[in-house]
Amino acid sequence: MADQMMAIAILLPVAAGFLVLAVRNYYARNLIVVVTAVVLIANSILMSLNGPFTYSPDGFNWGIVITALDYAILIFYLYMGIKLRNWLVLVFALTQIIPLAYFEFVMKAHIEVTPAFVVDHLALVMTMVISIVGSLICIFALRYMYDHEHHLHIEKSRQSRFLFWLVLFLGAMNGLVFANNLVWLYFFWEVTTLCSFQLISHDRTQEAIHNAARAVWMNSTGGTAFILAIIYLYATKGGSAMSMQSIIGGGLQGAVAVLPIALLCYTGFTKAAQMPFQSWLLGAMVAPTPVSALLHSSTMVKAGVYLVLRLAPVYAGTTLSVVIAIAGAFTFFATSALAVSQSTGKRVLAYSTIANLGLIIACAGINTPLSIAAAILLIIFHAISKGLLFLCAGTIEHQIWSRDIEDMEGLAAKAPLTTLITAVGILSMFLPPFGMLLGKWIALEAAYAVPLAAVLFVLASTLTIVFWTKWLGRLLQVLPRIEMPFEKLSPSYAVPLWTLVAGIFIVGMGVGPIYQNFLLAATNDVVSGNQIIAVGLNNLILITPSFLQRDILGLFPVWPLYLILIVALIMPLLLIGLKPKELRPVYMCGEQTGGTDTDEWLAEADRKTKFQLGGYYYQETLGEKKVNPWANAIAILLLVIMLGCGVIVI
Amino acid sequence: MMIKQFLLVLIVLVGAPIVGGLLFGIDRRITARMQGRYGPPIIQPFYDFFKLLGKEYIAVSRMQFVWIYGYLVFMIAGLIFLLMKSDFLLLVFILGFASVCLVLGGFSTKSPYAHFGANRELMQILAYEPVLLLLAIAIYAQNGSFLISEIYKQDKPLLFSLWPLFLAVLYVLTIKMRKSPFDISTSHHGHQEVVKGVVTEYSGPYFALFHLAEWYEIILLLGIISLFWTNPMWVGILIALAAFLLELFIDNITARMTVGWMVRLSWSVGLILGIINIAYIYYTKGV
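Taken in sequence, the protein lines are chains A and B.
Per this note's numbering, residue 34 is the first one in the first sequence, and the count goes up by one each step.
Per this note's numbering, residue 16 is the first one in the second sequence, and the count goes up by one each step.
These aren't lab readings, by the way, just hints derived from the structure by calculation.
Some clues are possibly wrong.
With a Cα cut of at most 20 Å, we get these calculated DMTMM-like pairs of lysine to aspartate or glutamate [as the list claims (entries may be wrong)]:
| hint | chain 1 | residue 1 | chain 2 | residue 2 |
| --- | --- | --- | --- | --- |
| 1 | B | K211 | A | E520 |
| 2 | B | K70 | A | D630 |
| 3 | A | K641 | A | E653 |
| 4 | A | K447 | A | D180 |
| 5 | A | K614 | B | E71 |
| 6 | A | K643 | A | E657 |
| 7 | B | K66 | A | E615 |
| 8 | A | K521 | A | D180 |
| 9 | A | K447 | A | E520 |
| 10 | A | K189 | A | D236 |
| 11 | B | K300 | B | D170 |
| 12 | A | K612 | B | E71 |
| 13 | A | K643 | A | D630 |
| 14 | A | K643 | A | D632 |
| 15 | B | K100 | B | E165 |
If you only want the chain A side, here are some residues facing chain B, beta carbon under 10 Å, derived [unchecked claim]:
| hint | residue |
| --- | --- |
| 16 | L45 |
| 17 | V47 |
| 18 | F51 |
| 19 | L54 |
| 20 | V56 |
| 21 | S376 |
| 22 | A445 |
| 23 | K447 |
| 24 | F490 |
| 25 | W501 |
| 26 | L611 |
| 27 | K612 |
| 28 | C622 |
| 29 | T626 |
| 30 | G628 |
The C-beta atom is built at its ideal place from N, Cα and C for all residues, glycine as well.
Can you build the whole structure from these sequences, using the hints too?
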């Protein structure tokens with residue numbers, strides 16, 4: 034039963050992808066995607082209820098298929114590198130292909146990892162996030178891509194191709210979190226990179242292709258580090274070290290462990306777009322918005338933090354761990370500062386994503402049960418809130434055809450419903466009683482163990498308040514007398530948006546029970562490294578010792594959160610009596626031209642002049658040109674120290 | 016126990032604005048005397064408040080009143096948190112939310128003056144929030160808990176180990192009270208502000224709500240300062256009142272500075288004080 038569900042999670046998106054590619058009818062295609070989405074969501078929930086399990090496919094030799102596909106992907110990169118004359122893509126394809134060939138043919142690696150798939154509580158949490166948030170984004174993409182092509186006047190529809198890569202992405206991500214065999218994990222890793230390349234370059238503009246190539250070469254450096262780690266592990270520990278479970282379950286100990294783990298963490302950093310790799314995720318903004326939503330919320334970057342988090346027990350207590358904590362906290366701080374200076378909505382969201390991933394990685398580096406719990410909470414809350422915000426950005430874009438925050442001025446009057454949903458999304462990122470704040474709250478307590486990280490957390494979370502409030506402020510600015518009927522949204526937009534809004538409230542309010550039923554077990558799994566006990570040959574049972582002796586949430590006074598929630602809920606009720614009975618024009622030193630709905634005033638020589646307001650972006654102090662040089666330098670230094678930790682120990 | 020706490024909350028909720036209003040009355044009187052004027056009666060803020068309440072409900076945008084109400088409600092929520100001796104970190108977050116409400120109130124109009132004020136208020140948050148969060152971390156480092164009730168259990172006052180942060184919190188008080196040199200987003204006395212800054216567009220009952228929220232805010236802030244000396248409690252309250260009087264003095268001897276100067280000062284001096292303080296606690300107590 035469980036293995037079928039796992040097969041559905043990985044293979045259904047692949048099958049649906051090919052089906053979508055074949056079907057050219059708009060409605061039939063939509064039906065396929067919607068059905069796939071519903072099945073994936075139901076499947077992930079059933080899987081979580083069913084609990085952890087392990088599985089090894091038998092009969093067919095999947096290893097050969099995967100190796101062949103590995104080479105296919107890498108050769109495709111080689112081809113793209115030559116075709117685009119992008120030497121970085123070419124070089125980093127070679128640095129993967131040569132070691133891989135060495136590993137296969139010279140070392141004649143014989144790998145038999147059982148079980149090939151281990152689905153523990155962390156994997157279950159991840160697959161829920163991937164399947165639910167990811168599927169909703171796919172549904173959103175149906176209408177979005179239709180509008181997108183309509184707007185660009187594209188003759189020959191390429192929606193099928195787009196949906197193929199989008200849906201395939203979910204399958205690859207599910208495979209990535211389930212895989213226990215490192216070589217297979219590497220394969221799924223490469224598939225997600227390939228999907229992101231295809232999706233970012235979808236619009237075929239010069240900029241899109243250029244940015245997609247950058248995403249590939251940056252992630253290929255990560256892929257290279259991944260292969261080097263595999264080779265190193267195989268050379269020192271043999272085939273048994275190819276199992277993720279044996280690595281995190283204490284199979285690797287002492288000095289030998291540090292270098293490959295540092296390499297794998299580097300791989301995680303590239304995928305999670307941590308500084309200095311942030312530019313690929315920022316460049317990914319050129320893609321249609323569902324791509325950004327998918328990359329930022331439930332897939333791709335979450336793979337990076339997943340790997341770092343998964344390896345947490347191996348590097349616990351080492352210097353490497355502290356360096357990871359500081360590197361993550363530094364990214365959190367620097368990108369939060371950069372976000373303040375951005376005037377493009379999607380770039381603010383992108384920097385905020387990188388910042389939050391930094392926070393999650395810092396939590397993994399702090400490496401106490403408390404911080405690991407915070408990291409998992411943040412993964413969930415961030416996926417929901419950021420998924421919602423990107424979908425809002427897409428909806429706004431298709432209403433005003435701009436991504437600029439200045440163009441969103443007064444959106445509350447033009448599209449009040451979208452503004453309302455966006456406001457919920459923005460507030461859920463940094464205000465009580467929503468989940469992100471709960472995560473930050475726990476993270477700050479956990480940060481006690483690494484004081485420098487704690488200080489960076491403090492600065493970063495303050496900057497977070499500034500850029501979110503600034504953006505929300507631009508949306509809300511309205512003239513006095515404007516009627517605000519709610520606009521109509523296509524169901525393909527409305528369903529994912531409202532589901533995610535509901536998700537924010539349900540997960541936010543139900544954090545207690547959710548924590549008890551899922552997260553406590555997931556935290557235990559991560560902190561302890563899973564302990565696998567073999568029963569029979571191919572029938573393994575996953576047993577996790579209870580590592581967390583105390584109940585983390587019990588330490589926090591949860592009721593005050595509910596108090597705030599009640600306050601927030603009764604607020605609208607009390608407001609009715611306070612409604613203004615009359616609206617008047619704003620104060621303009623008595624030089625207003627009169628009407629309440631005009632924004633004109635009498636300037637010099639009594640000439641009627643429209644007054645305009647703009648946001649502040651603090652370019653002189655926090656602009657990319659100012660911050661990037663030193664921030665990247667520090668980030669590279671931290672990265673060198675991180676890898677240096679591995680080398681010096683040996 | 017429950018009933019006793021409930022009564023305490025009720026008394027403070029009613030009493031806080033009265034004391035807060037009186038403090039502002041005293042402020043106006045003392046300031047006047049320092050400037051060689053006679054000054055209004057001490058209960059003048061209440062006269063103003065009730066007069067404003069009686070005015071018509073006029074606004075410049077439909078959203079405006081939602082935010083000023085949010086400012087008031089979250090300020091009260093913060094005060095309740097303090098009374099219930101709950102989590103200090105959460106208290107700081109709530110205080111932040113209250114200020115964000117005020118900023119959004121300014122942004123939700125198309126008024127140049129309100130926008131000036133809102134942007135400046137946002138910079139004020141940027142200036143003081145890190146200091147308060149560092150205070151929370153320092154308290155955690157000292158007591159092993161963010162809970163305010165834990166502070167009350169300690170015999171040794173926090174002031175002894177946290178005096179650098181106490182200095183930092185003193186200027187946070189100046190920023191939060193919007194007193195010179197930090198009366199940047201809006202100002203109490205007609206100094207040199209851009210009209211009335213962030214609250215330019217509030218009038219009548221809505222402006223009264225703003226005053227009410229400010230009264231709660233001053234009590235909340237002085238309450239936070241009193242945490243530096245909790246045993247016996249009256250010493251802490253005296254320290255808080257002394258800090259209040261000190262602010263009035265500073266207000267009258269300094270001129271307003273620019274936003275950039277405020278943020279730079281806070282992010283250099285304030286943070287260094289905080290970091291030194293936390294580093295010292297780590298050094299003495301160990302991680």
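Cross-check of the supplied hints:
no.	hint	verdict
1	B:K211 x A:E520	35 Å, violated
2	B:K70 x A:D630	23 Å, violated
3	A:K641 x A:E653	33 Å, violated
4	A:K447 x A:D180	19 Å, holds
5	A:K614 x B:E71	8 Å, holds
6	A:K643 x A:E657	32 Å, violated
7	B:K66 x A:E615	19 Å, holds
8	A:K521 x A:D180	15 Å, holds
9	A:K447 x A:E520	8 Å, holds
10	A:K189 x A:D236	12 Å, holds
11	B:K300 x B:D170	17 Å, holds
12	A:K612 x B:E71	11 Å, holds
13	A:K643 x A:D630	12 Å, holds
14	A:K643 x A:D632	6 Å, holds
15	B:K100 x B:E165	8 Å, holds
16	L45	42 Å, violated
17	V47	44 Å, violated
18	F51	48 Å, violated
19	L54	46 Å, violated
20	V56	46 Å, violated
21	S376	14 Å, violated
22	A445	7 Å, holds
23	K447	14 Å, violated
24	F490	8 Å, holds
25	W501	8 Å, holds
26	L611	5 Å, holds
27	K612	7 Å, holds
28	C622	8 Å, holds
29	T626	14 Å, violated
30	G628	13 Å, violated
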